[in-house]
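Residue strings, one per chain:
Protein chains: 2
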Amino acid sequence: MFVLNFNKKCAILCYINPCEVPMINIAILGFGVVGGGITEVINMNKDKLRQYVGDDIYVKKILDLRDFPDSPYGDRVVHDISEIVNDDEITLVCETMGGVNPAFDFSIALMNRGKSMVTANKELVAKKGIELMNCARENGVHYFFEPSVGGGIPEIRGMRTSLAGDTITEIDGILNGTTNYILTRMKREGVDFTSTLKDAQRLGYAEANPAADVDGLDAQRKIMILTAVATGYLCEEKDVYCETMTKLTPADIDAAKRWGGAVKLLGSSRIREDGCALYVAPFFVPEASPLCFVEDVYNAIRIVSPVTGDVMFYGRGAGRMPTAGAVVADVAAILSGLADKEKKCQWQAAPEGYVKPFGENKFSYYVRVKTDSVSDTLEAAGLAFGAVKALDGSPAGFCELITDEIAENTAQAVFAGEALGVVESVIRILK
Amino acid sequence: MFVLNFNKKCAILCYINPCEVPMINIAILGFGVVGGGITEVINMNKDKLRQYVGDDIYVKKILDLRDFPDSPYGDRVVHDISEIVNDDEITLVCETMGGVNPAFDFSIALMNRGKSMVTANKELVAKKGIELMNCARENGVHYFFEPSVGGGIPEIRGMRTSLAGDTITEIDGILNGTTNYILTRMKREGVDFTSTLKDAQRLGYAEANPAADVDGLDAQRKIMILTAVATGYLCEEKDVYCETMTKLTPADIDAAKRWGGAVKLLGSSRIREDGCALYVAPFFVPEASPLCFVEDVYNAIRIVSPVTGDVMFYGRGAGRMPTAGAVVADVAAILSGLADKEKKCQWQAAPEGYVKPFGENKFSYYVRVKTDSVSDTLEAAGLAFGAVKALDGSPAGFCELITDEIAENTAQAVFAGEALGVVESVIRILK
Numbered sequence: 004m005f006v007l008n009f010n011k012k013c014a015i016l017c018y019i020n021p022c023e024v025p026m027i028n029i030a031i032l033g034f035g036v037v038g039g040g041i042t043e044v045i046n047m048n049k050d051k052l053r054q055y056v057g058d059d060i061y062v063k064k065i066l067d068l069r070d071f072p073d074s075p076y077g078d079r080v081v082h083d084i085s086e087i088v089n090d091d092e093i094t095l096v097c098e099t100m101g102g103v104n105p106a107f108d109f110s111i112a113l114m115n116r117g118k119s120m121v122t123a124n125k126e127l128v129a130k131k132g133i134e135l136m137n138c139a140r141e142n143g144v145h146y147f148f149e150p151s152v153g154g155g156i157p158e159i160r161g162m163r164t165s166l167a168g169d170t171i172t173e174i175d176g177i178l179n180g181t182t183n184y185i186l187t188r189m190k191r192e193g194v195d196f197t198s199t200l201k202d203a204q205r206l207g208y209a210e211a212n213p214a215a216d217v218d219g220l221d222a223q224r225k226i227m228i229l230t231a232v233a234t235g236y237l238c239e240e241k242d243v244y245c246e247t248m249t250k251l252t253p254a255d256i257d258a259a260k261r262w263g264g265a266v267k268l269l270g271s272s273r274i275r276e277d278g279c280a281l282y283v284a285p286f287f288v289p290e291a292s293p294l295c296f297v298e299d300v301y302n303a304i305r306i307v308s309p310v311t312g313d314v315m316f317y318g319r320g321a322g323r324m325p326t327a328g329a330v331v332a333d334v335a336a337i338l339s340g341l342a343d344k345e346k347k348c349q350w351q352a353a354p355e356g357y358v359k360p361f362g363e364n365k366f367s368y369y370v371r372v373k374t375d376s377v378s379d380t381l382e383a384a385g386l387a388f389g390a391v392k393a394l395d396g397s398p399a400g401f402c403e404l405i406t407d408e409i410a411e412n413t414a415q416a417v418f419a420g421e422a423l424g425v426v427e428s429v430i431r432i433l434k
Numbered sequence: 004m005f006v007l008n009f010n011k012k013c014a015i016l017c018y019i020n021p022c023e024v025p026m027i028n029i030a031i032l033g034f035g036v037v038g039g040g041i042t043e044v045i046n047m048n049k050d051k052l053r054q055y056v057g058d059d060i061y062v063k064k065i066l067d068l069r070d071f072p073d074s075p076y077g078d079r080v081v082h083d084i085s086e087i088v089n090d091d092e093i094t095l096v097c098e099t100m101g102g103v104n105p106a107f108d109f110s111i112a113l114m115n116r117g118k119s120m121v122t123a124n125k126e127l128v129a130k131k132g133i134e135l136m137n138c139a140r141e142n143g144v145h146y147f148f149e150p151s152v153g154g155g156i157p158e159i160r161g162m163r164t165s166l167a168g169d170t171i172t173e174i175d176g177i178l179n180g181t182t183n184y185i186l187t188r189m190k191r192e193g194v195d196f197t198s199t200l201k202d203a204q205r206l207g208y209a210e211a212n213p214a215a216d217v218d219g220l221d222a223q224r225k226i227m228i229l230t231a232v233a234t235g236y237l238c239e240e241k242d243v244y245c246e247t248m249t250k251l252t253p254a255d256i257d258a259a260k261r262w263g264g265a266v267k268l269l270g271s272s273r274i275r276e277d278g279c280a281l282y283v284a285p286f287f288v289p290e291a292s293p294l295c296f297v298e299d300v301y302n303a304i305r306i307v308s309p310v311t312g313d314v315m316f317y318g319r320g321a322g323r324m325p326t327a328g329a330v331v332a333d334v335a336a337i338l339s340g341l342a343d344k345e346k347k348c349q350w351q352a353a354p355e356g357y358v359k360p361f362g363e364n365k366f367s368y369y370v371r372v373k374t375d376s377v378s379d380t381l382e383a384a385g386l387a388f389g390a391v392k393a394l395d396g397s398p399a400g401f402c403e404l405i406t407d408e409i410a411e412n413t414a415q416a417v418f419a420g421e422a423l424g425v426v427e428s429v430i431r432i433l434k
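Quick mapping for you: the protein sequence lines, in order, are chains C and Y.
Numbered according to the numbering used here, the first sequence spans residues 4 to 434.
Numbered according to the numbering used here, the second sequence spans residues 4 to 434.
Some clues are possibly wrong.
What the hints assert, rightly or not - Computed cross-link-like contacts, DSSO-like style, restricted to lysine-lysine with a CA-CA straight-line distance of at most 27 Å:
1. Lys51(C) with Lys347(Y)
2. Lys51(Y) with Lys131(C)
3. Lys344(Y) with Lys49(C)
4. Lys51(Y) with Lys346(C)
5. Lys344(C) with Lys346(Y)
6. Lys359(Y) with Lys130(Y)
7. Lys365(C) with Lys241(C)
Since the hints were derived computationally from the structure, they do not count as laboratory data.
Start from the sequences, fold in the hints, and give me the full structure.
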């Protein structure tokens, strides 16, 4: 039985389909945790997806270096990308390989053959987003990436639909579950960074090489992507200040509690007409902010715009099912035609100077100084910063203070100098 | 100059438009706080909206009983709905009148003339949603209502897009800003309900007649709407248990703190294949839930589904600009064609017995008993409930306990009987 052009999304009705419902053939690149989850979600939500998309979604091919002889999908695994590129029945491809290469070349080849793509690969989107969006536009296909930031949290769709008519001015995100888990444990139990990281590794929450998480690189990519969705400008990594959270100590976490908040690793952008401030660093977050109470592996993205005020999207920022669910939601948006109507992502390189030099940003700071005389330190700090407040409950031998807002460059010059004495810790305060 | 059928959304190019950009004519019913905000948002975000929708949006007529001689929109105010119904240039109408009548008749008349609608009127959607959705479908127009629940929070679009392929099993919402403001003040300051309500009224956060807010009717309508979006079934008000929060005392708020959480007025639904539990009541919310920290006039909606896990949408649940912004976002979704692709709302009446009788639901309870002997009360409670835990720090002369899960009917029979003695307060615990 042949049904040619049964509908525009499905060139040929598949033979192995027993009940002759039209099907849409897709492929998955990378059959790991998330890639495997995609097949599971498609099975689990088969009926709902058929209702939404109008057809059944069929995973026809899966690219992986490995074989999966025991998987029910084992016979669909291919090792050569050309088997997917050249398969004209496949109209959409989910990329969950990670890394820039060869994912970038594969994606370009696939879109050049008229296939839409959904990716969970934040590194690729952050580094090659402009080329990928351009390639999609030239080929009249979609390149969607909701799963690349915040796992199952639909903040990118929110920005491309409900907030599309408004002007986003601020984004603050807890964008990395591993570091938030570590910070939550440090806060609850008073334990130090290294032992908490080891626990997180043992539990599978942190990678054997945790640098991308704890040094903020993962959050850096994600805030670059969110800022590009808001502004249309994709910045370069080198322009985004990124500070590790590995130096945080129990004394810092305790100080944040006494101050009335918690330490969080934030990716932030402050967007103005003439440019934006963009950075990743640990911050004191006050209890008045809903971000203060986002704990464990949860992520949250707070977005401010003049009309809507502040909204926050909260949920599981990683994990097999939430991330796979976000991939399938983007697949369904493309196949149902929803994607055609969402605000287009046409990114361009941020112009020279668009990202404000980090040193020009102004912050208030928490500063802990080792000192024999608290009053001497406070006096010196007053001379350097103008108004400062001492934090109550400091451990003996230390002076802790909160400065007024001051330019980063000026502040760092003071911290590096001898005016205050031995500065043991400096943490910026979220405003 | 005449341009007929310049595009499908704009039958005739308007004369007073100086730069001859095509325009879409809309109308507003009710020029109050939100209605006035709509004109402001459209002006403020003119460029972004043009980019998104493809045309300028022009508010051609405004229905109100009053005249507005000093408003720049004064000459567009009409007093007779037929001036809008019969104006074929108007393709979309925003309804911000409130109340069922005459808003319902107006909406039906407008949709029967081929006009799409956006409403902020939760009472109308909760009571007449089925007829309104049917009328929209029959006329091939849209009836959109994101602003009716959670002001500027885009949770309904999230449910109709990103979560559309998943199965929603739980919804818990802080859906009323007035009561959340009162509860936040009571928690922070230890003050009583009545004086806090007076303050809220003085500040304009609460109505002169606050019954709809404090008795939970507002939240009841909103949880009915959210449940209908999730299930397709609109329940009747009489089937949704609704408990006032006016009886809450500082002792309750303090007990929740000692227990490790806060009291929140929640609208909740627990959705199963064969029916759902649906209710509005004050709850003890544990600190482990992100709802615990939603404070002041903010609203939040937490949604659970098997794939995505739990997501929470947080933001300003009311107010001129956020609500007007949500109206304009729905207007833009309709005019851009996005609405055509979102999951359709085809509601029907919930079948008999779909909403589980409230008495059959199981909860854990916080119970405060006036007693001369804590040990006697604990023993009696143990006999009645099985395992109970005493709450530490109870005021003298009282025994406070937390029960295991037990059916509401059974629990209430115990509270009403003489076994425990004088039961001063009973509050359910969020699970």
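Hints and how they fare:
| no. | hint | result |
| --- | --- | --- |
| 1 | Lys51(C) with Lys347(Y) | 13 Å, holds |
| 2 | Lys51(Y) with Lys131(C) | 26 Å, holds |
| 3 | Lys344(Y) with Lys49(C) | 19 Å, holds |
| 4 | Lys51(Y) with Lys346(C) | 11 Å, holds |
| 5 | Lys344(C) with Lys346(Y) | 13 Å, holds |
| 6 | Lys359(Y) with Lys130(Y) | 20 Å, holds |
| 7 | Lys365(C) with Lys241(C) | 20 Å, holds |
The structure is consistent with each of the numbered hints, conforming to all of them.
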